[in-house]
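Novice: Going line by line, the protein sequences match chains H and P. Counting in numbering that gives the first Met the number 0, the first sequence runs without a single skipped number right up to 131 at its last residue. Counting in numbering that gives the first Met the number 0, the second sequence runs without a single skipped number right up to 217 at its last residue.
What the hints contain is simulated information worked out from the structure, not anything from laboratory work. For glycine and all other residues, C-beta sits at the position ideal for the given N, C-alpha and C. Misleading hints may appear alongside valid ones.
A partial selection of chain P residues facing chain H, derived with a Cβ cut-off under 8 angstroms [what the hints assert, rightly or not]: (1) R28; (2) W54; (3) F56; (4) P57; (5) F77; (6) F84; (7) H91; (8) Y136.
In silico lysine to any residue, SDA-like type, Cα no more than 25 angstroms apart, as pairs [to be verified]: (9) H:K106 / P:V142; (10) H:K106 / P:D58; (11) H:K106 / P:A8; (12) H:K106 / P:T138; (13) P:K99 / H:V21; (14) P:K99 / H:A15; (15) P:K119 / H:E37; (16) P:K128 / P:I109; (17) P:K97 / H:T17; (18) P:K135 / H:K71; (19) P:K119 / H:T17; (20) H:K106 / P:P140; (21) H:K71 / P:K99; (22) H:K106 / P:S139.
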Amino acid sequence: MEPSAARDDKHQEHSATTYIVVFVILMVLALTTYLLGEGRLSRTWALPAAMLIACIKAGLVLTFFMHLREHKGAVRVTVGLAVFFILMLIGGTISDAATRFEPSNPKGAPFGIAPLRTSKAHQTASGTNGRH
Amino acid sequence: MRSEAAVRADELHLAHHFSSLERQTDAARLGMWLFLATELLLFGGLFCAYSYYRWMFPDAWAEGSHHMSVGLGTINTFILLGSSFTVAMSIHFARVAKPKLTVLMLAISIVCGLAFMGLKGVEYADHFKHGLLPGKYLTSPDVHEPAVGMFFVLYYLTTGLHAIHVIAGLTVLSVMMVKAHRGVFTPEYYTPLDMGGLYWHLVDIIWIFLYPLLYLVV
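Next up, chain H with everything else stripped away, as it sits in the complex:
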């Protein structure tokens, strides 16, 4: 445990100027998100661009406003693991949705893999209903 005097010195490093600069950057990034949205980027790029900016904003809030910069060890591991778990959850779900056969998707969903073409001859020969 570091002495309280050392902690206080470290806290003094955070002048009000740091917060003001971070706040201005956050406002500029929020404005950029809005302008990109209004500029109607293509569907391919709109979401990655918006998420990139959102991640930068969240990173700034975490690092400076939430003082993650000052706290190492268990606190950082906690944050990192929570984010990792969410990414795993979303990544797993999307990878499932992206690799389904079309009939298993809800009506109107444009994505998916075309159903297997199973001929009657093949079904007869294999003695199954074609659901391999």
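Here the structure of chain H is known, so what remains is to put chain P in place on it, guided by the hints.
Specialist: Positioned in the frame of chain H, the structure of chain P alone reads:
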């Protein structure tokens, strides 16, 4: 040699099972971050559902998003970012022993939070008026894609849960403002204010992601 203020802070706030105020604060901070991690995972489930349905119905998502008021959403984004800044400043002023400015910053943060809720209420009222409701209750004649109802299910779930967190955050900030006004926080001890601030910043971070995901879908 410890200062008189540090000794007094120990007398007032140090629990008997901690050897020092620093250790007590570190334990509180880790506990708070663990709590925030569970909050992130709570929202993570909804973000997961959002990702799945957006993947399945991209056209309906774009149409649903076009019914949002981008202006109000953007103003609310600026308001919440501003409130996060004032909360950070309130902790800064507690650290440098300026209690009046701490109270002022917290008061501005609370006003920002109330303004956010007010604008959100205006948005909700407008959606209700135009029949932009979740699932089978969607009655708006301007909607073409049937799955837009699912967009509004996720819209109300995410923004509703977020609004509950804003209300909880406002309650915490109000308590902190009263404590700051009573002079509880000093450069030696401001742990509750620090923890309350962390909660409010989490509310801000959730909105940072909700804003483009709900208002700016193309």
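Novice: Is K106 (chain H) close enough to V142 (chain P), meaning Cα to Cα at most 25 angstroms?
Specialist: holds (17 angstroms)
Novice: Verify the interface restraint on W54 (chain P): the C-beta must sit less than 8 angstroms from at least one C-beta of chain H.
Specialist: holds (5 angstroms)
Novice: Check the hint pairing K71 (chain H) with K99 (chain P) against an upper bound of 25 angstroms on the C-alpha distance.
Specialist: violated (31 angstroms)
Novice: Would the pair K106 (chain H) and T138 (chain P) pass a check requiring their Cα atoms to be no farther apart than 25 angstroms?
Specialist: holds (20 angstroms)
Novice: When the nearest CB of chain H is found for F56 (chain P), is that gap smaller than 8 angstroms?
Specialist: holds (6 angstroms)
Novice: What's the verdict on K106 (chain H) and D58 (chain P), does the C-alpha distance respect the 25 angstroms limit or exceed it?
Specialist: holds (13 angstroms)
Novice: Does I109 (chain P) lie within 25 angstroms of K128 (chain P) when you go C-alpha to C-alpha?
Specialist: violated (29 angstroms)
Novice: With a cut-off of 25 angstroms on the C-alpha distance, tell me whether K99 (chain P) and A15 (chain H) pass.
Specialist: holds (16 angstroms)
Novice: Between the alpha carbons of K106 (chain H) and S139 (chain P), is the straight-line distance 25 angstroms or under?
Specialist: holds (21 angstroms)
Novice: Let me know if the C-beta of R28 (chain P) comes in closer than 8 angstroms to any C-beta of chain H, holds or violated.
Specialist: Cβ of R28 (chain P) sits 7 angstroms from chain H, so the hint holds.
Novice: Going straight from one Cα to the other, do K97 (chain P) and T17 (chain H) come out at no more than 25 angstroms?
Specialist: It holds: about 18 angstroms lies between the C-alpha atoms, which stays within 25 angstroms.
Novice: With chain H as the partner, please determine if F77 (chain P) meets the hint condition of a C-beta pair closer than 8 angstroms.
Specialist: holds (6 angstroms)
Hints 8, 11, 16, 18, 19 and 21 from the list above are not met by this structure, while the remaining hints are.
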